[in-house]
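> Given next are the chains, with one letter for each unit.
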Amino acid sequence: MKRPEPVQVIKSRRDAALTQLVTSVPYIQFLGITFDRRGDELTAVLPFRDDLIGNPILPALHGGAIAAFLEVTAVIGLSWAAQWNDLEDGTLDTDAARPKLPKTIDFTVDYLRSGLPRDAYARARVNRSGRRYASVHVEAWQDNRARLFAQATGHFLMPPAVQVSDGKG
Amino acid sequence: MSKPATPKPATSKPDRTKLARQFIEALPHSRALAMHLESLGDGEASISMPYDPRMIGDPETGVIHGGAVSALMDTCGGAAVMSHPDALGTATIDLRIDYMRAATPGQTIRAKATCYHVTREVAFVRAEAVDDDGENPVACATGAFTFQRAKKTEGAT
Numbered sequence: 001m002k003r004p005e006p007v008q009v010i011k012s013r014r015d016a017a018l019t020q021l022v023t024s025v026p027y028i029q030f031l032g033i034t035f036d037r038r039g040d041e042l043t044a045v046l047p048f049r050d051d052l053i054g055n056p057i058l059p060a061l062h063g064g065a066i067a068a069f070l071e072v073t074a075v076i077g078l079s080w081a082a083q084w085n086d087l088e089d090g091t092l093d094t095d096a097a098r099p100k101l102p103k104t105i106d107f108t109v110d111y112l113r114s115g116l117p118r119d120a121y122a123r124a125r126v127n128r129s130g131r132r133y134a135s136v137h138v139e140a141w142q143d144n145r146a147r148l149f150a151q152a153t154g155h156f157l158m159p160p161a162v163q164v165s166d167g168k169g
Numbered sequence: 001m002s003k004p005a006t007p008k009p010a011t012s013k014p015d016r017t018k019l020a021r022q023f024i025e026a027l028p029h030s031r032a033l034a035m036h037l038e039s040l041g042d043g044e045a046s047i048s049m050p051y052d053p054r055m056i057g058d059p060e061t062g063v064i065h066g067g068a069v070s071a072l073m074d075t076c077g078g079a080a081v082m083s084h085p086d087a088l089g090t091a092t093i094d095l096r097i098d099y100m101r102a103a104t105p106g107q108t109i110r111a112k113a114t115c116y117h118v119t120r121e122v123a124f125v126r127a128e129a130v131d132d133d134g135e136n137p138v139a140c141a142t143g144a145f146t147f148q149r150a151k152k153t154e155g156a157t
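Going down the list, the protein sequences come from chains P and E.
Those letters in the first sequence? Residues 1 to 169, by the numbering used here.
Those letters in the second sequence? Residues 1 to 157, by the numbering used here.
There may be inaccurate statements among the hints.
To be verified - Simulated restraints, written as ranges between beta carbons of each label pair:
# : chain 1 : residue 1 : chain 2 : residue 2 : range
1 : E       : P105      : P       : R38       : 31 to 41 Å
2 : P       : D93       : E       : A26       : 42 to 52 Å
3 : P       : R118      : E       : D52       : 18 to 28 Å
4 : P       : P4        : E       : F23       : 57 to 67 Å
5 : E       : L19       : P       : D40       : 44 to 54 Å
6 : E       : E135      : P       : S129      : 48 to 58 Å
7 : E       : E38       : P       : S12       : 48 to 58 Å
8 : E       : R149      : P       : E88       : 54 to 64 Å
In short, the hints are calculated from the structure, not lab data.
Backbone N, C-alpha and C define an ideal beta-carbon position, used for all residues, glycine too.
Just need the whole structure built from these sequences, with the hints factored in.
In structure tokens form, the structure reads like this:
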């Protein structure tokens, strides 16, 4: 039986991998999206900003900003889930210049209620993840976790398997 | 991009078209993405969005993030609905986007949306986005939007 790793080692490894994933995408920085991590669970956070507004009269978040937020949550959630095992058993190539990201095939957003001018949160659930294709569902809320303001389903093409895991057979 | 001429729409509702144009160009998020309304009228809208490195989704290739394309499609779809002669207001109910190919880095993306059917309360929209290669669309979208009518119409079905 292997001795468990010190908690700080685990945390810093996971946080570093997540940071690398998230900071590699300029558009995530442009929208100001951050990710909270609890174990392997990620919550995406979209801090409110005036330039996310679509309807200045209500005011309400722009549907496009909401769609982008959900798609970012889906792509990062899927990449994170896909690399989790490699990250934990130490086979993830963290020196690779940039993580390969899944490509969106299609993305469908349901706008359930208007987005209020305040922070929004979202979580992705990978419902199916195969070698080539994946299906991901995303839920987004603001004040109440049970009161979704948007949800989305997307299909993604997974990046080709990384060289490192090929060598292991 | 050429400067758009002052719109002189042939329709009987020039004020509404002008209003819609002002409304769309004032949307803060659309401004943040530097969207430009190319044409608008009678249930059709065309909007362009220049390439910007801040919108990159795949750092390996420099390809724009799908989310930025979604924002363009959503804005263009909403604009198409607003340009309908009877429209007063609209909001997206749902929007599906098919990403057919990666947009070429460095090129402006142009979306064209058509509001092809309206009922009393719902507008149905189709949209397509292209880059410099106008033959092969980058993405297609279909959506349903709420449809607030400007006035009561008699004999509506």
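> All hints are to be evaluated individually against the structure, with a verdict given for each.
Structure-based check of all given hints:
1. P105/E to R38/P: 31 to 41 Å: Between P105/E and R38/P, where Cβ atoms are some 36 Å apart, the hint holds.
2. D93/P to A26/E: 42 to 52 Å: holds (47 Å)
3. R118/P to D52/E: 18 to 28 Å: Hint holds: Cβ distance 26 Å, inside 18 to 28 Å.
4. P4/P to F23/E: 57 to 67 Å: Roughly 59 Å apart at Cβ, these two residues keep to the hinted range, so it holds.
5. L19/E to D40/P: 44 to 54 Å: 50 Å Cβ-Cβ, so the 44 to 54 Å window holds.
6. E135/E to S129/P: 48 to 58 Å: violated (34 Å)
7. E38/E to S12/P: 48 to 58 Å: holds (50 Å)
8. R149/E to E88/P: 54 to 64 Å: holds (56 Å)
Consistency note: the structure conflicts with earlier hint 6 alone.
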